[in-house]
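**Student:** For this one, chain A is given, so just place chain B on it according to the hints.
Going down the list, the protein sequences come from chains A and B.
Reminder that position 133 of the first sequence reads as 133 in full-length UniProt numbering, one-by-one numbering, no gaps.
Reminder that position 253 of the second sequence reads as 253 in full-length UniProt numbering, one-by-one numbering, no gaps.
There could be a bad hint or two in this list.
To be verified - Far from chain A, some chain B residues (derived; all Cβ distances over 10 Å):
#: 1; residue: Ser34
#: 2; residue: Gly62
#: 3; residue: Val297
Unchecked claim - Residues from chain B that face chain A, not an exhaustive set, calculated with beta carbons under 8 Å:
#: 4; residue: Asp189
#: 5; residue: Val190
#: 6; residue: Ser191
#: 7; residue: Ala194
#: 8; residue: Leu197
#: 9; residue: Gln198
#: 10; residue: Tyr223
#: 11; residue: Ile246
#: 12; residue: His248
#: 13; residue: Ala256
#: 14; residue: Ala260
#: 15; residue: Val261
#: 16; residue: Ala300
Hints are computed from structural coordinates only; laboratory data are not their basis.
C-beta atoms are modelled at their ideal positions from N, C-alpha and C, and glycine is treated no differently.
What follows is each chain in one-letter form.
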Amino acid sequence: MKEILGVEHLSVTYTDGNRRIPAVNDVSFTVDEGEIIAIAGESGCGKSTLITAILQLLSPDIADITGSIRLNGQDLASVDPELLRRMRWTDISLVPQSAMNALNPIMSIEEQMKRIMAAHGTMPTTRDLDKRIDETLVMVNIQPRYKKLYPFELSGGMRQRVAIALALMLHPKLVVMDEPTTGLDVIVQRGILMEIRRLQKELGFAVCLVSHDMSLLIELAHTIYVMYAGRVIESGPSREIYRTPKHPYTQGLIACFPPLQGSRKVLEGIPGSPPDLGQLPPGCAFQPRCTQCLDICLAEIPVLEKVSSSRAVACHLYPSQLTSNTGESTYDRIS
Amino acid sequence: MTESHDAPILSLEHVSKTFHSGKGTLIHAVRDVSLVINPREIVCLVGESGSGKSTTANLIMGTETPTQGVVSYRGQNLAQIRTRSAILDYRRHVQMIFQDPYGSLNSLHTVGYTVGRPMQIHHLVPSINRGADQILRLLRQVGLTPPSEYYYKLPYQLSGGQRQRVAIARALAVQPDLVVADEPVSMLDVSLRAGILQLILEARESAGVAFLYITHDLASARYIGDRILVMYKGRLCEEGPAEEVIAHPHHPYTQALVEAVPNPERMGQPEEIIVTPDLNETKVLGSGCPYYPLCPVATAQCQDTMPEWTFVQDQHQVRCFNAAPLSMHHTS
Numbered sequence: 001m002k003e004i005l006g007v008e009h010l011s012v013t014y015t016d017g018n019r020r021i022p023a024v025n026d027v028s029f030t031v032d033e034g035e036i037i038a039i040a041g042e043s044g045c046g047k048s049t050l051i052t053a054i055l056q057l058l059s060p061d062i063a064d065i066t067g068s069i070r071l072n073g074q075d076l077a078s079v080d081p082e083l084l085r086r087m088r089w090t091d092i093s094l095v096p097q098s099a100m101n102a103l104n105p106i107m108s109i110e111e112q113m114k115r116i117m118a119a120h121g122t123m124p125t126t127r128d129l130d131k132r133i134d135e136t137l138v139m140v141n142i143q144p145r146y147k148k149l150y151p152f153e154l155s156g157g158m159r160q161r162v163a164i165a166l167a168l169m170l171h172p173k174l175v176v177m178d179e180p181t182t183g184l185d186v187i188v189q190r191g192i193l194m195e196i197r198r199l200q201k202e203l204g205f206a207v208c209l210v211s212h213d214m215s216l217l218i219e220l221a222h223t224i225y226v227m228y229a230g231r232v233i234e235s236g237p238s239r240e241i242y243r244t245p246k247h248p249y250t251q252g253l254i255a256c257f258p259p260l261q262g263s264r265k266v267l268e269g270i271p272g273s274p275p276d277l278g279q280l281p282p283g284c285a286f287q288p289r290c291t292q293c294l295d296i297c298l299a300e301i302p303v304l305e306k307v308s309s310s311r312a313v314a315c316h317l318y319p320s321q322l323t324s325n326t327g328e329s330t331y332d333r334i335s
Numbered sequence: 001m002t003e004s005h006d007a008p009i010l011s012l013e014h015v016s017k018t019f020h021s022g023k024g025t026l027i028h029a030v031r032d033v034s035l036v037i038n039p040r041e042i043v044c045l046v047g048e049s050g051s052g053k054s055t056t057a058n059l060i061m062g063t064e065t066p067t068q069g070v071v072s073y074r075g076q077n078l079a080q081i082r083t084r085s086a087i088l089d090y091r092r093h094v095q096m097i098f099q100d101p102y103g104s105l106n107s108l109h110t111v112g113y114t115v116g117r118p119m120q121i122h123h124l125v126p127s128i129n130r131g132a133d134q135i136l137r138l139l140r141q142v143g144l145t146p147p148s149e150y151y152y153k154l155p156y157q158l159s160g161g162q163r164q165r166v167a168i169a170r171a172l173a174v175q176p177d178l179v180v181a182d183e184p185v186s187m188l189d190v191s192l193r194a195g196i197l198q199l200i201l202e203a204r205e206s207a208g209v210a211f212l213y214i215t216h217d218l219a220s221a222r223y224i225g226d227r228i229l230v231m232y233k234g235r236l237c238e239e240g241p242a243e244e245v246i247a248h249p250h251h252p253y254t255q256a257l258v259e260a261v262p263n264p265e266r267m268g269q270p271e272e273i274i275v276t277p278d279l280n281e282t283k284v285l286g287s288g289c290p291y292y293p294l295c296p297v298a299t300a301q302c303q304d305t306m307p308e309w310t311f312v313q314d315q316h317q318v319r320c321f322n323a324a325p326l327s328m329h330h331t332s
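Excised from the complex, chain A in its bound form (with noise of 0.2 Å):
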């Protein structure tokens, strides 16, 4: 498949007077053509970060940004600041993090939709706009006459769905949604994923979805990538992660999630809390919690290694081939 999204070798450091803090670490993924990539982890794992980035909407003033970032075999990096600006909405879109307040709220939709296309598009008639605003709103399920309204009027997932609309609107190759949505009830959440599932069957285009419900991005996504301190510590297929996870937080993460069905059994938890980026322990970030820690965990970092041929993991307990006949006999388990 065509790849839409190319990221390599991507690292984001904040620099902040002397302090260096590096909240995105020798990133890489591609997300192809029609595809839905999930970006996995919890407050401060560097993923909003890292769409900012690839978005291009970090100042270089407070971030170090090393690394590519391809839209369409362009490098985002050398593009001039107007095409970019074009590219922006047609090319690539976001849903913002808590997009139902992400809203102009003293503009009517139909405005903000307007502007959009003025800024953008190539202005069509009057008609063929309204055609094409009334378009898009029923593609996310709002009723046309709706348009005249002002964000405060609407329901928080309403907002939701008019954010979306935006996004959708000048049907760009891909759409970027963060926590698309966190502080919705379930029952709005579920209406608003079956929307991203079918608009994206329809129009398909790909999808790069940031959230840290695990048991929500494995339903919805293709490819999951699983963030930890600034680095991705474990890729593959939604469905292989689910059910065979290897990285120990990963495996955390899905037994955070107390399961409908079956037994009641005592949920573990990850013991500690996330690191802080500005100050992260030696080797593996996530040893001071890691149940499974072994003495190299404490001296190097793991790096992201294939371990079968969809799959990728960074952790020294799966070894690679190139050292496991003398690594893994050296070190024995902490624990």
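**Tutor:** Positioned in the frame of chain A, the structure of chain B alone reads:
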């Protein structure tokens, strides 16, 4: 404590709360709700936002007074608790944990003060300093170890999960009978939620505290709860043992809730038909069932008449004319 351990700690009898909106219309936040909470019981009140769960919590905490009906604590009508000492006594026995641990702790007070102050107010310790041992024990109990390290910390030095632990310690400090916990984990990182739920279960085991756990997350309600009460638009619509309600929901709304929970087991399977509300239409509620406009099995009588409770199983009851069981499709 000398109270009988068989009688309910708290009961609501046909409680309604009506608010007046500016335009002269009435908002029925809670309608005809009856419930009991027994000692050592964890009761889960489940519903979406706007269903009246938080108003119910406020009615129990005494920050709202019911328009109709009676809230009673150990048989005593809350509305008749008037004297300062009696109010203080009620507040001691019924505590609350809030959703947002970033807003519920005074940012100028140390952890030790926050936990010790209620003990001092309720004369459980002569002063905060002299209660330090008890405070440290509580901090250890809620997993803030070593406790001496946390005693002088201020909220900004703590993570969200640690703050929520402080809030729980504060609630448990006065040895309450009942703690009302309003969405206590929804603002926390997923990896920390299990720890907090575990803490609630432990508090029930060790101190015999009962909980009213308010949530919209069915999975955590099933995990933690003895009983589940499902609320929709101010009315209770289903009630029963936690496992039973989730495995065999009878009310169409409960069924929609259960189906809506993200379920990894469902991946790759064909999309099921589930009821998603048409968010564009909020009909004015008449005297009938509030779920009538969205209900797939509604009949004419649902529009005008609110169904009475009917038992579908021992202890499992539902308010629906057309209740029918829905078993989970994917039992493993």
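**Student:** Confirm or reject each hint.
**Tutor:** Results of checking the hints against the structure:
no., hint, verdict
1, Ser34, "holds (24 Å)"
2, Gly62, "holds (27 Å)"
3, Val297, "holds (17 Å)"
4, Asp189, "holds (4 Å)"
5, Val190, "holds (5 Å)"
6, Ser191, "holds (4 Å)"
7, Ala194, "holds (3 Å)"
8, Leu197, "holds (6 Å)"
9, Gln198, "holds (7 Å)"
10, Tyr223, "holds (4 Å)"
11, Ile246, "holds (6 Å)"
12, His248, "violated (12 Å)"
13, Ala256, "holds (6 Å)"
14, Ala260, "holds (4 Å)"
15, Val261, "holds (6 Å)"
16, Ala300, "violated (25 Å)"
Of the numbered hints given earlier, the model fails hints 12 and 16; all others are met.
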